[in-house]
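> Those protein sequence lines, which keep their order, are chains A and B.
Mapped onto our numbering, the consecutive letters of the first sequence carry residue numbers 5 to 227.
Mapped onto our numbering, the consecutive letters of the second sequence carry residue numbers 5 to 227.
Don't take each hint at face value.
Here are the simulated lysine-lysine pairs, DSS-like style, with alpha carbons at most 30 Å apart [claimed, not checked]: (1) A:Lys58 with A:Lys202; (2) B:Lys61 with B:Lys219; (3) A:Lys219 with A:Lys202; (4) A:Lys219 with A:Lys61; (5) A:Lys58 with B:Lys58; (6) B:Lys219 with A:Lys219; (7) B:Lys58 with B:Lys202; (8) B:Lys219 with A:Lys58; (9) B:Lys219 with A:Lys202; (10) A:Lys61 with B:Lys219; (11) B:Lys58 with A:Lys219; (12) B:Lys202 with A:Lys202; (13) B:Lys219 with B:Lys202; (14) B:Lys202 with A:Lys58; (15) B:Lys61 with A:Lys219; (16) A:Lys61 with B:Lys202; (17) B:Lys58 with B:Lys219; (18) A:Lys219 with B:Lys202; (19) A:Lys202 with A:Lys61; (20) A:Lys202 with B:Lys61.
In case anyone wonders, no lab produced these hints; they're calculated from the structure.
Predicted model only: the values in this text are computed from it and were never measured.
Chain by chain, the residues run as shown.
2 protein chains.
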Amino acid sequence: MTARSSAESARDVPEATVARLPVYLRALATLADEGTSTCSSEDLAAAAGVNSSKLRKDLSYLGSYGTRGVGYDVDYLRYQIAREIGVTQDWPVVIVGIGNLGHALANFSGFRSRGFRVVALLDADRDRHGEQVAGVDVRPFSDLEQIVTEHGVAIGVISTPAQAAQDVADRMVASGVTSILNFAPTVLQVPSGVDVRKVDLSIELQILAYHVQRKAQAEAEAG
Amino acid sequence: MTARSSAESARDVPEATVARLPVYLRALATLADEGTSTCSSEDLAAAAGVNSSKLRKDLSYLGSYGTRGVGYDVDYLRYQIAREIGVTQDWPVVIVGIGNLGHALANFSGFRSRGFRVVALLDADRDRHGEQVAGVDVRPFSDLEQIVTEHGVAIGVISTPAQAAQDVADRMVASGVTSILNFAPTVLQVPSGVDVRKVDLSIELQILAYHVQRKAQAEAEAG
DNA sequence: CGCATTTTGTTCTCGCGTTCACAAACTCCT
DNA sequence: AGGAGTTTGTGAACGCGAGAACAAAATGCG
Ligand SMILES: NC(=O)c1ccc[n+]([C@@H]2O[C@H](COP(=O)([O-])OP(=O)(O)OC[C@H]3O[C@@H](n4cnc5c(N)ncnc54)[C@H](O)[C@@H]3O)[C@@H](O)[C@H]2O)c1
Ligand SMILES: NC(=O)c1ccc[n+]([C@@H]2O[C@H](COP(=O)([O-])OP(=O)(O)OC[C@H]3O[C@@H](n4cnc5c(N)ncnc54)[C@H](O)[C@@H]3O)[C@@H](O)[C@H]2O)c1
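Input sequences plus hints: build the corresponding full structure.
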């Protein structure tokens with residue numbers, strides 16, 4: 005009998021499911037915008053681009069929020085998923101490295117609407133300091149620790165060149181950041197307990213290129 | 005006895021392996037830059053952030069390019085992986101939607117160095133036409149088909165708003181594009197045979213948020 | 001009220017991917 | 001040359017996730 009006090013939602017949601025919950029959330033938002041108030045697992049699965057069986061199993065990890073013979077209430081399910089993910093309130097986020105990509109990220113309006121709030125933009129380049137991007141000042145990288153503690157920032161975004169990324173990550177972790185989204189093409193070393201997710205454009209393109217090549221080869225051999 | 009003529013590299017590389025090959029390629033490039041000419045699976049695995057056992061198995065799908073008791077020749081392995089992925093020559097790429105993100109992508113120098121070449125930047129907004137980004141003209145979206153056929157473009161990048169993405173994808177497919185990298189937060193419907201990969205910042209952040217919340221809850225319950 | 005219909009939640013099976021463990025192969029030293 | 005030490009490539013075990021299939025629950029109609 006371990007410390008499992010408030011068993012509102014069953015813990016241990018599989019990682020693959022966690023990765024799909026945001027997709028369901030987005031699909032539900034779209035349905036809601038279209039004026040749909042109820043949907044079946046088939047409808048939602050189609051909107052999310054997954055198999056309906058998989059969708060139902062995913063949702064079953066959160067609880068039993070549908071009605072048999074009827075389907076799911078869009079708003080209710082939306083809230084339940086948002087609560088499970090933890091985006092019923094806004095998360096403060098810092099972005100480090102305000103170059104080409106950093107500017108685009110700072111200007112990205114989808115942040116706010118999806119549960120995140122950019123509290124600071126940091127860059128090592130003095131020439132960038134004082135500039136405003138989307139209403140937020142670009143400040144020195146050395147302000148990191150102060151900002152993180154002040155706002156209770158848990159999530160940091162790295163959009164610096166690759167050679168700076170590890171150092172930025174180290175300082176983020178030292179300041180109290182526990183989750184990092186890394187756009188720099190580098191493998192970050194972080195202590196256990198810190199989460200890193202990476203987005204790498206080149207990798208995505210190379211994966212696509214592999215499949216294009218494979219299809220071309222298959223055709224050549226068949227032809 | 006099917007049409008398996010040139011069995012240079014064993015086909016049927018698992019998808020999970022394909023997704024890691026670009027990471028190995030990048031790690032090898034870093035090692036080469038540092039002057040390393042030979043490395044063990046342990047070294048390379050550390051640089052790529054994976055288990056050495058997994059690395060060896062991944063490489064074994066491509067062939068037997070190492071030497072027991074010695075390790076891998078960095079340049080040789082690099083070439084073999086590049087060949088398997090198909091990035092020994094450059095792939096022409098078009099980017100559609102030259103807003104905040106599109107500009108950042110167009111300015112991204114990593115494209116060229118990793119096997120890709122931006123042959124066109126397209127946007128529906130007349131005000132953007134004629135602008136040059138990283139030496140490439142922004143042209144009307146209607147030029148898509150001509151450009152795709154002219155350059156033999158197989159890979160397209162979508163960085164338009166979500167509501168335009170499906171239309172852009174449809175036109176890309178109609179023009180002959182077979183692989184799409186989608187930055188718009190939408191599920192694209194494409195015919196079978198067309199590959200879509202998506203990059204969604206909000207989803208990545210929400211996954212991170214889930215884990216932050218989970219850690220916080222675990223601490224609260226334990227404390 | 002009972003029955004047909006719809007749709008969820010769950011069980012079961014299968015396949016893929018990860019990891020361990022070890023034999024095979026190579027080098028180096030004596 | 002032979003043996004000790006390394007390191008690769010792979011066979012086998014295991015665990016997780018995907019998908020099919022079905023029982024349970026709700027609705028609506030006669
Ligand atoms: N631009 C893209 O579309 C794109 C795509 C994929 C990946 N990336 C990657 O994202 C990263 C950023 O790309 P970019 O095009 O914006 O580059 P950039 O050179 O335009 O911007 C990098 C910014 O980081 C700042 N910086 C450098 N070192 C720093 C440090 N130690 N601390 C804080 N700030 C620092 C620089 O002053 C600069 O403003 C790169 O690693 C790049 O490979 C970019
Ligand atoms: N900016 C970011 O960091 C970021 C991050 C994640 C996702 N995204 C997504 O990427 C997409 C682009 O974001 P953005 O900030 O660059 O938006 P943006 O509005 O700055 O740019 C969109 C561009 O697409 C063009 N466009 C619109 N409809 C078109 C059509 N039918 N054909 C061709 N071009 C068309 C517009 O003229 C505009 O130039 C959005 O879907 C956004 O949600 C952006």
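> Look at each hint and say if it fits the structure.
Comparing the hints with the structure gives:
Annotation: proposed proximity of Lys58 (chain A) to Lys202 (chain A) holds, straight-line Cα distance about 25 Å (limit 30 Å). Simply put, Lys61 (chain B) and Lys219 (chain B) have alpha-carbon atoms about 33 Å apart, too far for the 30 Å limit, and the pair is violated. Taking the CA atoms of Lys219 (chain A) and Lys202 (chain A), the gap is about 28 Å. The hint holds against a cut of 30 Å. The suggested pairing of Lys219 (chain A) with Lys61 (chain A) is violated, with an alpha-carbon distance near 33 Å, which exceeds 30 Å.
Taken as a hint, the Lys58 (chain A) and Lys58 (chain B) pair is honoured in the structure, with Cα atoms around 28 Å apart against an allowance of 30 Å. A threshold of 30 Å between alpha carbons decides the hint, and for Lys219 (chain B) with Lys219 (chain A) the separation of about 44 Å lies outside it, so the pair is violated. Distance check on the hinted pair: Lys58 (chain B) and Lys202 (chain B) sit about 25 Å apart at the alpha-carbon level, within 30 Å; holds. With a C-alpha separation of about 26 Å, the suggested pair Lys219 (chain B) and Lys58 (chain A) falls inside the 30 Å cut-off, and the hint holds.
With a CA separation close to 20 Å, the supplied pair Lys219 (chain B) and Lys202 (chain A) stays within the 30 Å bound. Under the criterion of a C-alpha separation no larger than 30 Å, the hint pairing Lys61 (chain A) with Lys219 (chain B) is consistent with the structure, at around 24 Å. The straight-line distance between the Cα atoms of Lys58 (chain B) and Lys219 (chain A) is roughly 26 Å, inside the 30 Å bound, and the hint therefore holds. Distance check on the hinted pair: Lys202 (chain B) and Lys202 (chain A) sit about 13 Å apart at the alpha-carbon level, within 30 Å; holds.
With a CA separation close to 28 Å, the supplied pair Lys219 (chain B) and Lys202 (chain B) stays within the 30 Å bound. At roughly 19 Å between alpha-carbon atoms, Lys202 (chain B) and Lys58 (chain A) fall within 30 Å of each other, so this suggested pair holds. For the suggested pair Lys61 (chain B) and Lys219 (chain A), the alpha carbons sit about 24 Å apart, so the restraint of at most 30 Å is met. Among the hinted pairs, Lys61 (chain A) with Lys202 (chain B) is consistent with the structure: their alpha-carbon atoms are about 23 Å apart, no more than 30 Å.
With a C-alpha separation of about 28 Å, the suggested pairing of Lys58 (chain B) with Lys219 (chain B) holds against the 30 Å cut-off. Distance hint between Lys219 (chain A) and Lys202 (chain B) is fulfilled; the C-alpha atoms sit about 20 Å from each other, no more than 30 Å. Among the hinted pairs, Lys202 (chain A) with Lys61 (chain A) is consistent with the structure: their alpha-carbon atoms are about 27 Å apart, no more than 30 Å. This hinted pair checks out: Lys202 (chain A) and Lys61 (chain B) have alpha carbons roughly 23 Å apart, not beyond 30 Å.
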